[in-house]
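**Q** Given these sequences and hints, build the entire structure.
Next come the chains, spelled out residue by residue.
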Amino acid sequence: MIGTDNPLSDDQRRILAIVLDLIVPASEDGQRPSAADVDVLGYIRETESHTLDGLRAELDQLNAEAFESQGEAFASLDPATRQAFVDAVREREPQFMRTLAMQTVACYYRDDRVLEAIGVGARPPFPQGYEVPSGDLSLLEPVRRRGLIYREA
Amino acid sequence: MADDVVDVLIVGAGASGAAVAWSLAETRMRIVCLEQGGWMNPAEYPSNGRDWETRAAKEMQVSPNLRKRPADYPINDDNSPIAILNFNAVGGSTILYSAHFPRFHPSDFRVRSLDGVADDWPIDYATLEPFFAQNDNNIGVAGLAGDPAIPAHQPPLPHIPMGRMGETMGRGFNKLGWHWWPSDSAIITRPHNGRGQCLNLGPCNAGCAQGAKSSADIAYWPMNERAGVELRTHCRVREITVDEGDMATGVTYFDADGNERHQRAEVVVVACNGVGTPRLLLNSTSARFPNGLANRSGLVGRNLMLHPWGMVAGCFDEPLGSNFGPQGCCILSQEFYETDASRGFVRGYNMQITRGGPPVGTARGGMAQGTIPWGADHHDAFDRLFGRNIHLGICCEDLPEEHNRVTLDPELTDSNGIPSPKISYTLSENSRRMLDHGLARGAEAMEAAGAWKVQKAPAPIRMAGWHLLGTARMGTDPERSVVNEWGRSHDVRNLFIVDGSVFVTSGGVNPTTTIQAVALYIADSMKQRLANLFD
Numbered sequence: 000m001i002g003t004d005n006p007l008s009d010d011q012r013r014i015l016a017i018v019l020d021l022i023v024p025a026s027e028d029g030q031r032p033s034a035a036d037v038d039v040l041g042y043i044r045e046t047e048s049h050t051l052d053g054l055r056a057e058l059d060q061l062n063a064e065a066f067e068s069q070g071e072a073f074a075s076l077d078p079a080t081r082q083a084f085v086d087a088v089r090e091r092e093p094q095f096m097r098t099l100a101m102q103t104v105a106c107y108y109r110d111d112r113v114l115e116a117i118g119v120g121a122r123p124p125f126p127q128g129y130e131v132p133s134g135d136l137s138l139l140e141p142v143r144r145r146g147l148i149y150r151e152a
Numbered sequence: 000m001a002d003d004v005v006d007v008l009i010v011g012a013g014a015s016g017a018a019v020a021w022s023l024a025e026t027r028m029r030i031v032c033l034e035q036g037g038w039m040n041p042a043e044y045p046s047n048g049r050d051w052e053t054r055a056a057k058e059m060q061v062s063p064n065l066r067k068r069p070a071d072y073p074i075n076d077d078n079s080p081i082a083i084l085n086f087n088a089v090g091g092s093t094i095l096y097s098a099h100f101p102r103f104h105p106s107d108f109r110v111r112s113l114d115g116v117a118d119d120w121p122i123d124y125a126t127l128e129p130f131f132a133q134n135d136n137n138i139g140v141a142g143l144a145g146d147p148a149i150p151a152h153q154p155p156l157p158h159i160p161m162g163r164m165g166e167t168m169g170r171g172f173n174k175l176g177w178h179w180w181p182s183d184s185a186i187i188t189r190p191h192n193g194r195g196q197c198l199n200l201g202p203c204n205a206g207c208a209q210g211a212k213s214s215a216d217i218a219y220w221p222m223n224e225r226a227g228v229e230l231r232t233h234c235r236v237r238e239i240t241v242d243e244g245d246m247a248t249g250v251t252y253f254d255a256d257g258n259e260r261h262q263r264a265e266v267v268v269v270a271c272n273g274v275g276t277p278r279l280l281l282n283s284t285s286a287r288f289p290n291g292l293a294n295r296s297g298l299v300g301r302n303l304m305l306h307p308w309g310m311v312a313g314c315f316d317e318p319l320g321s322n323f324g325p326q327g328c329c330i331l332s333q334e335f336y337e338t339d340a341s342r343g344f345v346r347g348y349n350m351q352i353t354r355g356g357p358p359v360g361t362a363r364g365g366m367a368q369g370t371i372p373w374g375a376d377h378h379d380a381f382d383r384l385f386g387r388n389i390h391l392g393i394c395c396e397d398l399p400e401e402h403n404r405v406t407l408d409p410e411l412t413d414s415n416g417i418p419s420p421k422i423s424y425t426l427s428e429n430s431r432r433m434l435d436h437g438l439a440r441g442a443e444a445m446e447a448a449g450a451w452k453v454q455k456a457p458a459p460i461r462m463a464g465w466h467l468l469g470t471a472r473m474g475t476d477p478e479r480s481v482v483n484e485w486g487r488s489h490d491v492r493n494l495f496i497v498d499g500s501v502f503v504t505s506g507g508v509n510p511t512t513t514i515q516a517v518a519l520y521i522a523d524s525m526k527q528r529l530a531n532l533f534d
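Protein chains in written order, with numbering that gives the first Met the number 0: chain C, 0 to 152; chain E, 0 to 534.
Take the hints with a grain of salt, since some may be wrong.
What the hints assert, rightly or not - To give an idea of the chain C side of the interface with chain E (calculated C-beta under 7 Å), a few residues:
#1 Arg91
#2 Phe95
#3 Ala152
As the list claims (entries may be wrong) - Sample of chain C residues lacking proximity to chain E, with all beta carbon distances greater than 10 Å (derived):
#4 Asp36
#5 His49
#6 Asn62
#7 Ser68
#8 Gly70
#9 Ala100
If you're looking for bench data, these hints aren't it; they were derived computationally from the structure.
Here the structure is a predicted model, which is why all the values come from computation and not from measurement.
Glycine included, each C-beta is placed from N, C-alpha and C at the ideal position.
**A** Shown next, in the form of structure tokens:
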């Protein structure tokens, strides 16, 4: 039984983790985690819980197709076969996979490790803010030299 | 004492209502403002948290139809390629505006005389100039004096930082020999009137947690309340009432508990924006005004202008830090603002350079467009865009056309049962040509600046109907206008309209500075005529 605190079964969780890692794997330098390592499911529950039913159905479908064609669970397949299965779902159910990808990056790019790695700092914008150079006003010289361009009326 | 008589009753606490209240407060008249929304709390704005992008997209959604806060009213904009955007709270839509603050040009008030289209305004730039300056000082406006595209003026605060992205675009404009300049911005870059300066948080368009953006709730209302203006929040006005002598007697409204009340007033000032104002007038029917209040001209709701918007994005090789800084304010170009008949259209447009996308926005946009893939290449592709992309908005002047209008929806209502506005709007051929020209020139500017990739978004951008203008136009002829040259209704001598509804034409720039200048001018005109205001 899947309750509100446990919206996915163990199998579904394993499949979701694999799919998330296909969407955003860890960076080679190790600074950015895999999307499977951030709480995408928590994000979906928090902000777009209406998509959970569709998510469960698609994950079950992946597993069923793996059993049907390969005779084993999706999570047991080799990486290339997993990728092929997911590619097929992207082809067949583009809206579902697009939604999942959008949810994934929405969660991923608020993770502290990711924010640190991309240079914005593991913090919200307020109250520290950011430094922005004022800019070189000498670049305006050609504009000044040209003179007034508005029409008197 | 809700049924006693106040001297001045203002409907709407947004940009124009706030400015009018400030100006009239010195008369010591009893002034009450009714606002359908409540106070916003900057401590609760999205940029206080790491999840700010997600929260901004939901809680601070630009469309009231999607946002659905209790203060919002639905708007039927199905018959318009441009959705109507607003915000309903103390401060109105300035809560979400970018604070890009370019003034109208002198030519904007003389379009018939100069270009043979639309109508001249009954007032001119020189008339408004002191009110532009007053407003700049009141709220705190940053800018750089000397812009050759507009008459000389001195912004009271230093300009917003351009950053490397502003310099990059500036070099591109220079290569083309085009005008550009740091934008006037209603953002304080130094402490001003007890407010802290801009911290370059970024998401101005989701509310400014620092209070540096000069939204009307922060920049005007504290002064107004100190001066004795009474602001009643969560009060939604249903109709303006009139007597047999065609004088407004007050308004009927729903208070915060949903109780229907009536507030009597000697003067009623409407400040509900170019959609809310005609909605209120059209809902105010009576035996004397069967087609809506102040509508004997038949022009209430007509001539809606929306500023069709185009967008060009450019990606650059070098890191520009373009994700930092006030989202909608950097530099502008008014190279194509004034009419040049050889371009195939009349009037012109402003180019507004805005900052690059934030992290989630960049990732989502890149994935939607296929430029950021799934898999191992995701990170490199993200890095090629993030902090290295620049946006260029094209704000086209929209000419008045009577068939572009606000009416009342026969079925849709707000939570108080008040009929909602219905929008009927089509893009003119002149606007289409102007948009096409702007998109092509925008792409040219990006390429000149060195972008390795340039993308033009389909235009007009649907979610860009911020600028709601023209639906209760100003003029000297009662047959051809709704209010006179100082904002008083031709039909109801103690009824004033002070928002963007009174605009005769739209100009080609974000209108808030001009809206507030017009509002201050109307308030000043009222003060000058207090002894014979209703003659």
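**Q** Run every hint past the structure and note whether it holds.
**A** Tested hints:
1. Arg91: 16 Å, violated
2. Phe95: 14 Å, violated
3. Ala152: Holds, because the Cβ-Cβ distance from Ala152 (chain C) to chain E comes to roughly 4 Å (cut-off 7 Å).
4. Asp36: Non-interface label on Asp36 (chain C) holds, nearest chain E Cβ at 14 Å vs cutoff 10 Å.
5. His49: Fine: 13 Å to the nearest Cβ keeps His49 (chain C) off the interface.
6. Asn62: Holds: least Cβ distance 20 Å, greater than 10 Å.
7. Ser68: 22 Å, holds
8. Gly70: 27 Å, holds
9. Ala100: 6 Å, violated
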